[in-house]
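Chemist: Starting from the known structure of chain A, arrange chains B and C on it as the hints suggest.
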Amino acid sequence: MVIKTEPFVVNFGPAHPSTHGVFRMRMTLDGEVIVDMEPVFGYLHRGIEKLAEERTYTGCIPLTDRLDYLASMSNNLAYVLAVEKLAGIPVPERAEYIRVIMAELQRIASHLIAVGAFLNDCGAFMTPIVYMIREREKILDLFEMACGQRLTYNYMRVGGVSQDVPEEFLPALGKFVKVMPGWIDEYDRLLKENEILLARAKGVGILPKELAINISASGPVLRASGVKWDIRRADPYSIYDRFEFDIPIGSVGDCYDRYRVRVEEMRQSVRILKQALKDLPEGKVRSDVPHLIRPPVGEAYAHIEAPRGELGFYLVADNSIAPYRFHVRAPTLINLTALREMMVGWKIADAIIIFGSIDICMAEVDR
Amino acid sequence: MAMPMLPPDWPGGFWAHWGVFVVIIFVFVLATIMGFIWFERRAMAIMQARLGPNRTGPFGVFQPVADALKLLIKEDIVPAKGDKLVHWLAPVVAVVPVLMIFAVVPFQGGAILADLNIGILYIVAISSVTTVGVFMAGWASNNKYSLLGAMRQVASVVSYEIPVVLSIIGVVLLAGSLSMQQIVIAQDIPFILLQPLGFLLFFIGACAEINRAPFDLMEADSEIVAGFNTEYSGMKFGLLFTAEYGEALAISAIVTTLFLGGWRGPVLPPWLWFLIKVGFVFFVIVWIRTTVPRVRIDQLMALAWKFLFPLALLNLLITAVEILVLPAVSPWVLVGVNIAVMIVLVFLWSRLFKLGWGRVEV
Amino acid sequence: MTVLSGKEIAHQIEKKFPKSIIESSPQSLVVDREFLLPVATYLKTTPGLDFDYLTAITAVDFLDYFEVIYQLTSLRRNHSLVVKTRCYGRDNPSLPSVVKLWRGADFQEREIYDLFGITFEGHPNLKRIVLWEGFQGYPLRKDYL
Numbered sequence: 001m002v003i004k005t006e007p008f009v010v011n012f013g014p015a016h017p018s019t020h021g022v023f024r025m026r027m028t029l030d031g032e033v034i035v036d037m038e039p040v041f042g043y044l045h046r047g048i049e050k051l052a053e054e055r056t057y058t059g060c061i062p063l064t065d066r067l068d069y070l071a072s073m074s075n076n077l078a079y080v081l082a083v084e085k086l087a088g089i090p091v092p093e094r095a096e097y098i099r100v101i102m103a104e105l106q107r108i109a110s111h112l113i114a115v116g117a118f119l120n121d122c123g124a125f126m127t128p129i130v131y132m133i134r135e136r137e138k139i140l141d142l143f144e145m146a147c148g149q150r151l152t153y154n155y156m157r158v159g160g161v162s163q164d165v166p167e168e169f170l171p172a173l174g175k176f177v178k179v180m181p182g183w184i185d186e187y188d189r190l191l192k193e194n195e196i197l198l199a200r201a202k203g204v205g206i207l208p209k210e211l212a213i214n215i216s217a218s219g220p221v222l223r224a225s226g227v228k229w230d231i232r233r234a235d236p237y238s239i240y241d242r243f244e245f246d247i248p249i250g251s252v253g254d255c256y257d258r259y260r261v262r263v264e265e266m267r268q269s270v271r272i273l274k275q276a277l278k279d280l281p282e283g284k285v286r287s288d289v290p291h292l293i294r295p296p297v298g299e300a301y302a303h304i305e306a307p308r309g310e311l312g313f314y315l316v317a318d319n320s321i322a323p324y325r326f327h328v329r330a331p332t333l334i335n336l337t338a339l340r341e342m343m344v345g346w347k348i349a350d351a352i353i354i355f356g357s358i359d360i361c362m363a364e365v366d367r
Numbered sequence: 368m369a370m371p372m373l374p375p376d377w378p379g380g381f382w383a384h385w386g387v388f389v390v391i392i393f394v395f396v397l398a399t400i401m402g403f404i405w406f407e408r409r410a411m412a413i414m415q416a417r418l419g420p421n422r423t424g425p426f427g428v429f430q431p432v433a434d435a436l437k438l439l440i441k442e443d444i445v446p447a448k449g450d451k452l453v454h455w456l457a458p459v460v461a462v463v464p465v466l467m468i469f470a471v472v473p474f475q476g477g478a479i480l481a482d483l484n485i486g487i488l489y490i491v492a493i494s495s496v497t498t499v500g501v502f503m504a505g506w507a508s509n510n511k512y513s514l515l516g517a518m519r520q521v522a523s524v525v526s527y528e529i530p531v532v533l534s535i536i537g538v539v540l541l542a543g544s545l546s547m548q549q550i551v552i553a554q555d556i557p558f559i560l561l562q563p564l565g566f567l568l569f570f571i572g573a574c575a576e577i578n579r580a581p582f583d584l585m586e587a588d589s590e591i592v593a594g595f596n597t598e599y600s601g602m603k604f605g606l607l608f609t610a611e612y613g614e615a616l617a618i619s620a621i622v623t624t625l626f627l628g629g630w631r632g633p634v635l636p637p638w639l640w641f642l643i644k645v646g647f648v649f650f651v652i653v654w655i656r657t658t659v660p661r662v663r664i665d666q667l668m669a670l671a672w673k674f675l676f677p678l679a680l681l682n683l684l685i686t687a688v689e690i691l692v693l694p695a696v697s698p699w700v701l702v703g704v705n706i707a708v709m710i711v712l713v714f715l716w717s718r719l720f721k722l723g724w725g726r727v728e729v
Numbered sequence: 730m731t732v733l734s735g736k737e738i739a740h741q742i743e744k745k746f747p748k749s750i751i752e753s754s755p756q757s758l759v760v761d762r763e764f765l766l767p768v769a770t771y772l773k774t775t776p777g778l779d780f781d782y783l784t785a786i787t788a789v790d791f792l793d794y795f796e797v798i799y800q801l802t803s804l805r806r807n808h809s810l811v812v813k814t815r816c817y818g819r820d821n822p823s824l825p826s827v828v829k830l831w832r833g834a835d836f837q838e839r840e841i842y843d844l845f846g847i848t849f850e851g852h853p854n855l856k857r858i859v860l861w862e863g864f865q866g867y868p869l870r871k872d873y874l
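Residue numbers (this note's numbering), protein chains in the order written: chain A, 1 to 367; chain B, 368 to 729; chain C, 730 to 874.
No lab work stands behind these hints, which were simulated from the structure alone. The model shown is predicted, which means the values in this text are computed figures rather than measured ones. Hints are not guaranteed to be accurate.
Stated by the list, open to error - Cut-off 25 Å, straight-line C-alpha distance, at most; resulting in silico cross-link-like pairs (DMTMM-like, lysine to aspartate or glutamate):
hint	chain 1	residue 1	chain 2	residue 2
1	A	Lys278	A	Glu53
2	B	Lys673	A	Glu32
3	C	Lys856	A	Asp36
4	C	Lys829	A	Glu210
5	A	Lys278	A	Glu264
6	A	Lys278	A	Asp241
7	C	Lys829	C	Glu763
8	C	Lys736	A	Asp235
9	C	Lys773	C	Glu752
10	B	Lys448	A	Asp30
11	C	Lys871	A	Asp318
So that you can see chain A by itself, here it is in the shape it has in the complex (with noise of 0.2 Å):
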């Protein structure tokens, strides 16, 4: 007599320890793999952008804040790139280059919660990600210092950035790029060869590189399935085209690759934070814009390399003071349209990793 055997419908509902915000799978499962799964989100839909058509131009800073909190730095740069584009306003060398090291520094904090929370959810329990909350705690001190603010920094502006950088930023940026390599190694020799973590990660959840490509992936979920296409050296933006860095690629596309993507690109942004120290320079911090920012009649797109990956800002201006379309071109929505390819055939279990490893920030998918 054959037992049969049925699949089961589970949730994994929007209230859930480990899924990065809202965000709701419904998996079929046949015992412990998965056959069947489809993501639902649309949970903390704000409709930001359609306040924005309501807002002034420098009025809607704050609300790019609010779209991928953990790299509110990046959100303000590519918003106000895209403003300056569309109006034809110039900015100054000390603040491109102040805008460069906030920037990177962003970078390297979202990295560290990244890289935090995939080890968490792989099982090491709380152990790497209070050490990297540690090292984030400096970067967010550094954040302190120039805007005021922890999290929702509302620092850049139309034309350069608000605020110059107070006297004690400098030294201790100095000290902090010192130490942070030290740092990251310590983490590599923790957790990169350990037995327990390659048999969970490696080989798991593969997005090859052809699918990659098809569904306009970007950041290190390109790079980690092999393709070597990072914004800052393909489309230049701002300054980085003065400086000098790797671009880390993996060669597979799987959970492992990601994790030594994003380690490599800290490396990579501590390197370009030390030239960009070396090379400051004294001056105005901001050009001198009207208060209220009237771009003639035209549209702009302005894309950057954030943490999470191609950040882009479509805007229509209409000579008024607000925005006539404000669009966003949001990374971990469009990273998230294989994860039914990449789960189907693994276990409940690897699921986790997996979703961990594309690293989305919900309030950024759903805006």
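Modeler: What follows is chains B and C alone, placed relative to chain A:
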């Protein structure tokens, strides 16, 4: 060397002996469980560069007491469609066997509640009943996550019983008796030196049976939201929690008795040696929990059947051969031989062994 | 990255698909909606153009028409292009879907359907994505609130 031994009927008469030791066991187990909870939180915190509980009492010593009080006054929630009787019985069935294990653990020569001559067999039999309690908890919650956690638990306990029991047989062969007291008396050289492979197998298998990291996938916070105890609140949850730490204490005590020499030691009183050794084993368990990630269920099963089980059989074979030559050869030679054999076997097996299967075609 | 001039690509496309271009400028080119799928396939498969990466799809509500903007990129050749198309009429506007060419369009087209009401023919799973099932209306239209 004269070993400190208490007369078997201490302090005098059957019922006095029984009464005193029941009280000692209850107090010891419950107090030590609370101590372990505190110790684990503090040690893990310091290894994670943070402080841990430090407000309730000096160094946070009263934290477990505060937790117990909190659990006592919480509302008892039973899922509406769950099986109420099974839901109520499950924590009881999970906790009672754990306490019963301590009836045969020797705290000192002669200080044992019941010196059964089948001591270790009794322990193996009783400790399997806890699994039934866990499965009842998972079933009665009417929750798919809990059921998954319970299934994982049953699968892993069944798989890991075998290497554990086989490594215990190695120790029994060396001691010549199943009784726990006799095993301690026979350890002129601690059995961890004579049976290094057996110790490793028993330790790993025992960690898997008590759901401690790296095998804590039964209650993995990040996957199935606390597994079989998702739907438990109040003192029932407290009892399940006590069962988990009680099992950890029981395993530490058994490892101490079987492999580390129990209460034997030079200068200090024997019961103090027992406590020191139990504390040390528990510290190693906590240390491993803080450092290492978690395995997946199919990797867990593969580890039991393909890695530990053959090694346990080989260990048994080698021990049997050594017993035959034991009177002729000095035990210290055997120590060297055993350690060398362990290193070679573990190295060889880890090269040949693949952890789990990968993607399944659907 | 070079931004390809809309005018030159428009010449190239007019030769292959006559009457498909409505207007063109150095920044972008506007394609007639009937020719959207053939032009997109042509842009993806022609060697020399090789637009294998769809950066973004957006829609804008100019009150007479909806304009849908496709930002295309070629990773191999490092150039980009902006292609637009228009749908006239506010009841049931629809466009062919480009999901078969670039799967990255999947969620973005669902979002445009959700917030603007433009249906995409040929999309495998056209449901609301950021708002809940049963929501009435299309919020990002200019006449919503």
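Chemist: The structure should be examined with respect to each hint, and the outcome stated for every one.
Modeler: To see whether the hints hold, each was checked on the structure:
1. Lys278(A) - Glu53(A): violated (41 Å)
2. Lys673(B) - Glu32(A): Roughly 20 Å separates the two Cα atoms, so the pair holds.
3. Lys856(C) - Asp36(A): Holds - the C-alpha atoms of Asp36(A) and Lys856(C) are around 18 Å apart, at most 25 Å.
4. Lys829(C) - Glu210(A): Since the Cα atoms of Lys829(C) and Glu210(A) sit roughly 14 Å apart, the hinted pair holds (cutoff 25 Å).
5. Lys278(A) - Glu264(A): It holds: about 22 Å lies between the C-alpha atoms, which stays within 25 Å.
6. Lys278(A) - Asp241(A): holds (16 Å)
7. Lys829(C) - Glu763(C): holds (17 Å)
8. Lys736(C) - Asp235(A): Answer holds: Lys736(C) to Asp235(A) is near 22 Å, not above 25 Å.
9. Lys773(C) - Glu752(C): holds (21 Å)
10. Lys448(B) - Asp30(A): holds (24 Å)
11. Lys871(C) - Asp318(A): Holds: Lys871(C) and Asp318(A) sit about 14 Å apart, inside 25 Å.
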